[in-house]
Amino acid sequence: MSITYLEAIREAQAKALADDPRVYIYGQDVGAFGGAFKATKNLAKEFPGRVLDAPISEDAMVGSAIGAAIEGMRPIIEMQFADFSTIGFNQIVNQAASLFWRTNVTCPITIRLPGGGTSGGGPFHSQSLEAIYAHFPGLIVMTPATVEDAYSMLLEAVAIDDPVIFFEHKYLYYHLKAEKLPTEAMPTGKARIARAGRDMTIVAYSAMVHEALAVAEELATEGTEVEVVDLRSVKPLDTDTIMASVARTGRLLCVGESWPWGGVTAEVVARVSTEGFDLLDAPPQRLNAKDTPVPYHPNLWAAHRPTARSIAAAARNLLRL
Amino acid sequence: MVHTVVDRGTVGEASVFRDTYLKAYRGMVLARVLDDKLASLYRGGKIHGGVFLGRGQEALSVAVGLSLRKGDIFAPLIRDAAGRLAFGETVLDAVRTYMGSPLGPMRARDGNVHRGRPREGLFPMVSHLGAMISVVNGALLAHRFKGKAGTVGATCLGDGGTSTGAFHEALNQAAVERLPLILVIANNEYAYSTPTTSQFACENLVDRAIGYGVKGHSLEGNDLDACLKTLHTAVEQARSGQGPQLVVAKLLRLCGHGEHDDSNYVDPRFRTAPHGRDCLKVAEEHLLQQKWAEAKALETWRNEAIQKVEEAVAIVQREPTPDPYKENWCALSAKHLSEGYDEP
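So the sequences go chain by chain: A and B.
Here the working numbering is used: position 319 in the first sequence is 319, and no number is missing along the way.
Here the working numbering is used: position 327 in the second sequence is 327, and no number is missing along the way.
Hints listed in this document are in silico derivations from the structure and should not be mistaken for laboratory results.
Be a bit skeptical, because a hint or two may be false.
[Said to hold, decoys possible] Dumping the calculated DSSO-like pairs for lysine-lysine here, alpha-carbon to alpha-carbon at most 30 Å:
id	chain 1	residue 1	chain 2	residue 2
1	B	K291	B	K308
2	B	K146	A	K38
3	A	K15	B	K148
4	B	K335	A	K190
5	A	K45	B	K146
6	B	K335	A	K15
7	A	K41	B	K146
8	B	K326	A	K190
9	A	K15	B	K291
10	B	K308	B	K46
11	A	K177	A	K41
12	B	K308	B	K23
13	A	K45	B	K308
[As the list claims (entries may be wrong)] Footprint (simulated), chain B over chain A, 3 or more residues, beta carbon under 8 Å:
id	segment
14	64-76
15	88-99
16	160-174
17	232-243
Every residue, glycine too, gets a C-beta built ideally from N, C-alpha and C.
All chains should be modelled from the sequences, with the hints used to inform the complete structure.
The structure is reproduced here in structure tokens:
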């Protein structure tokens, strides 16, 4: 018996629906069809009237979730692809994110963003948009890298009274499996040491955690012990755990699948450089996708985003600095 | 599509209607007096940021507010002082928000027309036009989920707001879900300075109703009689399960976009056209003509409104200004998840 990352997301939604009558799911094709990726498979049947197909109207999907949240509901919005959330961007960053601060009325909505690259996805079905949402005050941005986190963090997202951007990685949907669903979880806001090591720290999140772990495995055969920090959420960002790891290793490489200008890796490097400069034995490094739209062809795509190979090269370079 | 026919009614209904008309008129006067005071405070440098008036739109706005009841949702726009007051907002809430009092509903974090009390059904607008429609839809969906029957939601927009994607998505969403939404469009000839000829190409905005599969109503927006009757009809139809209602009123904005705008772009011919008449004057003439009130009563009501507004301004002027050192600077309700937030 094993469960995939995608099934964990489906199970978390089933549990949220079962546990709390205020929860409903709204998104394109999420009803009888079960969603483009089947993340809501059979939920419309199991929870009649609570899993609603939406028109192709991301702005109105999010806007209506805000109104429903004001009136006491806890909606889960499924964006078919993270890329399409830009149509709902205004409602997310201006309306949902500012509501509590402006009115003292909470806005407990969860917006699921199936993001990240898969082979053949191309420019408009592959984006990693966590950084632009993290930029706006009033949002929590989760980036689960494991089956366990996909399950427990989604349940926590629904329970949190603030708007949560739940960035789930499409590449992990089928590739990642666990024996069973977790019964306990680390709280959101805490990063996880995915692998301990003393020679350098690789900070990663979402699918890049697994690339980083592969690099740690490879470098271990060469006698280098890499510590891998899985951020779990990029906002809040667990600076303490990152800093403690860098204090142990003296070297930092931060890896993200999104674009290089600004973003999560820049934020991590900025924080470590400004708050932990004396902990560093070498200039902090970061690795991102190339500064172009995400390419369609697998050959180009594999060279566009960081992979175990390019991360390993960056890591070896860092060890020489 | 339904074009509402004004029904003159029977004698008993006429008496009820007269009372509603008088109530609406007094609401319009209060809104006009409040707006005039805010404009005066703005010119005196007492208000930070802009001031946005509803001059010329009071009849339409008050009719929206009065047609709703407790438990309904109202998301007004920038020219809806009259509708807000009729729905239950206090003059004090308006003045506190405009003058940046921390005791106001927005606690000086937001100002002017961006105010409301969501828990009381009065949703605070964001500046992005059309964005409130789907929020009202969501509130109505929530009422459906919770089995709260018989409530409606109304929201207001201008002709310019109908050009947004948010407008299209939300009106279509309301139609698909058959929500009891009343979407009120004030076609006031200009979106800031842009004339309607650059805004839309259909003959009348109400013609869009059929395309969305919703009911449409059109009316003269400076005729209080028509406003009250049309909004009453539209709200009752929404309440009785007939789905979304698109109400399009033709009128003229009798002020600038904001008080910073002298509106010198307005075609002077509009000012002398029937729809350029001031709705307050039209209502006054109607009241006197019908002998529903005497000139002296009108003067008394106006003085009462002035006193009410002056009292509110006097209260707010004595209130403290916001203190940045007492501000918690935290955008999340889950404080423990807020970066840079130190528990006091």
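Taking the hints in turn, this is what the structure says about them:
1. K291/B to K308/B: The given pair, whose Cα atoms are some 26 Å apart, holds under the 30 Å limit.
2. K146/B to K38/A: Since the Cα atoms of K146/B and K38/A sit roughly 27 Å apart, the hinted pair holds (cutoff 30 Å).
3. K15/A to K148/B: holds, 25 Å
4. K335/B to K190/A: Holds, at roughly 15 Å.
5. K45/A to K146/B: With a Cα-Cα distance of about 19 Å, the restraint between K45/A and K146/B holds, given a limit of 30 Å.
6. K335/B to K15/A: Within the cut-off at roughly 26 Å; holds.
7. K41/A to K146/B: holds, 24 Å
8. K326/B to K190/A: The given pair, whose Cα atoms are some 29 Å apart, holds under the 30 Å limit.
9. K15/A to K291/B: violated, 65 Å
10. K308/B to K46/B: holds, 19 Å
11. K177/A to K41/A: holds, 18 Å
12. K308/B to K23/B: holds, 16 Å
13. K45/A to K308/B: Violated, at about 57 Å.
14. 64-76: holds (count 11)
15. 88-99: holds (count 7)
16. 160-174: holds (count 3)
17. 232-243: holds (count 3)
In the structure shown, a violation is registered for the earlier hints numbered 9, 13, in ascending order.
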